[in-house]
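*Asks:* Here is how the chains run, residue by residue.
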Amino acid sequence: MSDTERPVAGTRGNAVWAGLALPGVAWLCIFFLLPLYAVLCVAFGTVDPLFQRPEPEWNPLLWSTSSFEFVVDGLFTSGAAFQTVFVRTLVYVVIATALSLVIAYPVAYYVARYGGRWKGLLLVGLIAPFFISYLMRMLAWINLLQDDGWVNDVLMWVGILDAPRNWLDGRASSVILGLVYGYVPFMILPLYAFLDRIDRNLLEAARDLGASPFQTFRLVTLPLSKPAILASIVIIALPMFGDYYTTDLLSQSPTTSMIGNQIYLYVLGGQQIPVGAALVVCLMLFLAVFMAYYLIATARAQRRVGA
Amino acid sequence: MTTLEAPLAPPRTRSRFREWWANPWGRPRFLLLFTVLYLAWSIVPILIAIRFSFNEGRSRSTAQGWSLRWYYEDPDLSVWHDPDLRAALFQSLRLAAIAVLVTVPLGVALAIGLTRWRGRAAGASRAVSLATLVTPEIVMGTAFLLVFTHLLRFIELGTAAQAIGHITFSLVFVLIIVRGRLLAIGPEYEEAARDLGASALQAVRLALLPMLVPAIVASAIVVFAISMDDFVITQFLSSGTSTDTVPVRIYSTGRTAPTPALNALATLTLAITIVIALVLFLVWRAVRATRGQTGSAVEDFAALETEPGR
Chain A
214 MSDTERPVAG TRGNAVWAGL ALPGVAWLCI FFLLPLYAVL CVAFGTVDPL FQRPEPEWNP
274 LLWSTSSFEF VVDGLFTSGA AFQTVFVRTL VYVVIATALS LVIAYPVAYY VARYGGRWKG
334 LLLVGLIAPF FISYLMRMLA WINLLQDDGW VNDVLMWVGI LDAPRNWLDG RASSVILGLV
394 YGYVPFMILP LYAFLDRIDR NLLEAARDLG ASPFQTFRLV TLPLSKPAIL ASIVIIALPM
454 FGDYYTTDLL SQSPTTSMIG NQIYLYVLGG QQIPVGAALV VCLMLFLAVF MAYYLIATAR
514 AQRRVGA
Chain B
89 MTTLEAPLAP PRTRSRFREW WANPWGRPRF LLLFTVLYLA WSIVPILIAI RFSFNEGRSR
149 STAQGWSLRW YYEDPDLSVW HDPDLRAALF QSLRLAAIAV LVTVPLGVAL AIGLTRWRGR
209 AAGASRAVSL ATLVTPEIVM GTAFLLVFTH LLRFIELGTA AQAIGHITFS LVFVLIIVRG
269 RLLAIGPEYE EAARDLGASA LQAVRLALLP MLVPAIVASA IVVFAISMDD FVITQFLSSG
329 TSTDTVPVRI YSTGRTAPTP ALNALATLTL AITIVIALVL FLVWRAVRAT RGQTGSAVED
389 FAALETEPGR
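Protein chains in written order, with the numbering used here: chain A, 214 to 520; chain B, 89 to 398.
In short, the hints are calculated from the structure, not lab data.
Please note that the accuracy of each hint is not assured.
One side only, chain A facing chain B, incomplete, derived with CB under 7 Å [as the list claims (entries may be wrong)]:
#1 Gly237
#2 Pro248
#3 Pro273
#4 Gly338
#5 Ile345
#6 Gln359
#7 Asp361
#8 Gly362
#9 Leu451
#10 Gly455
#11 Tyr458
#12 Gln465
#13 Gly473
No residue lacks a Cβ here, since even glycine has one placed at the ideal position from N, Cα and C.
If we strip away everything but chain B, and leave its shape as in the complex, we get:
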């Protein structure tokens, strides 16, 4: 292939770049470029939205200085002073807290039960749990709305109905995460505990649960994140402005009356989600380290997230 004049022709720097770019033994450079472009496309719009939440002026496209006007300073329109925006933030946090507190214990018990329980009823229960994962949210939202307005009328639309909705759709994520860990652990530890005289429940409590702590913390992070993110079911079960969450608020005012306060609300929600997820993540890592398990933390998380979009 190479001709005699090849080393002479291009200036050295350019040939080095071309060598790097076209090196058949290195990593495919165009894929690297593609990945970097994707990440930029995915992150930059968010960064721009965050930047305009700190805008001094009303515009969401022209940089007009920096201020906390839309967070706190504006007496009417800021997140702190607009009662609707503030209520939305608290409603989001309230629902996420309820979802984590109820779903995690319920889901862990379900996961242990369904993994070890044998028989036809167990198979059917597993199928029903997984069906919640693939049911589109609009179907679930309609179903909840109709059952709460026509059959289970003692459950009022609003926080109670929304919380039930959040618990129902996040249950399957706890199930998947904890079950994955259980399958990895295998039945030997409980068998040993049972052979040494423990009852079935004691074996679960003393042998299994301690080993499941990392998976339980991981599932708490996922439940919290998807509860904060949920939109359709929350909107279908809202009883009015007072039970709107942040995503519902963005939907209802995103096109009609947007100000940078909406960006501020979204940014604040994002910051809170990240801080809480990070705290739980550090707990998870600490727990994991004390139990002597190795491997990259982030990589494990990637494997956990099988969530269909919501």
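Isolated chain A, as found in the complex:
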């Protein structure tokens, strides 16, 4: 393309744009793609029989599948530890995500539609948890759920409990409460951002055509917000699948351990690191569907906005 010819808008200086992107892209290749490849190589590698150290196999042609066989065996044998933990993780995540949606949608809907002059203040309340460390928010609940904590005090004062209950000793309800409390803010904001953008004229048209407020919601707002609901479910379900700290802090018991705890145990515990790596790969494969959905959905939305 010669300089005198006016090139198509946007392609001018393509080399410069590539150059600007290069440091970031190189960074991601070295510190994101390469580490992921290392996980594969450790998972498909072997273990030094003497020192029990993992020996990664960098050549894909020589990959050994023994760690995977161990993990897949455990996942598909009923009653095996891996399967129990995986099913438990799935149950916790599904319940916690459903509860989060039940809480998040009405709150996001109210603030977006009826926030009015309080909107700024309400938003500060919704954003505040982003600046409070997740672990601090769990610490707050450890304080409240102690034997002599305020939750027991209140429940006994109301008369629901006769004696203090130990909430921090392997109770699924405490872990699910922690998950919902921890992740619900991450669901509210994307839902809010979407609901806030819905064209008011559509809602007014529905009312003019005779729909009741509830019908307007059910027939217009809800169907419109379906993509946002799905995206927000993915946003919080993905990290929940890798969570090990919520159950460690609010239960500390193997009876509530999740798939994240297994990975933590194998990878940081030092024994059988390839098994931990294989677990990570299996988790990635399982989550790949959700991840791909999220990426495609955002790309589609962006194309609509960008074009």
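Place chain B on chain A using the hints.
*Replies:* Okay, now just chain B, sitting in the frame of chain A:
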């Protein structure tokens, strides 16, 4: 619907309340109640935790007066005098500072490049950057740990490895924020600069960057906040107590040996995060005002935060 005795039956105050509650043309009151309850549920536990950081006694559930014992006064157990707690606070701040200083320039260049660059390689690079957003932290933590212990062995676990981890996962947030602003600006300004004789780099520096300042400050706030908040990757890449951050400290002592000093540490971290975020926020607002952009500041922030939980 209304019968004759309806206006007579209930006392006036009660009927006014019921009218307010059930008014079909007003805001749905039960949703208001629900939202207020949610906000209380979300904030009150934190306020209680903060209150007990000022407790005189050792309890984290019985109010025993007010003191700064757990911040400073206690000679062994307070945040200031317990070397582990103090180190955790400084490690958190150190990592957040490094993350902001490296990620923001790297991310801004990446965002400008990826938004304007056309072609197949550009598409692939965009996909890889966004993939970091949806990769669960435990996967990234494992990946970093394995690559630093088996391949890139010259990078030692500890501050260096943790900083690389923080930069990697926060890069995508700078990308999203700056790219959003770039798409809103459109290519016309650089085109005009180029037509007037500027080189591509000059057009970026003189026409684009000044318009991007609000987005750059906003991304600095987000990077700082998520770096302070990060737990999994930081823990996987820690080389021992000396490189534990505040969240790692809370994890390791939250159940085994908790004292109100842990609440004090968390409160202090929160206060520092809020102050720094607030300062950056004021800078952002000032910059934004001088560039003549309007709209509610907080609302823009709500749209920025698409962070999946960490």
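*Asks:* Against which earlier hints does the structure fall short, listed by number upward?
*Replies:* 3
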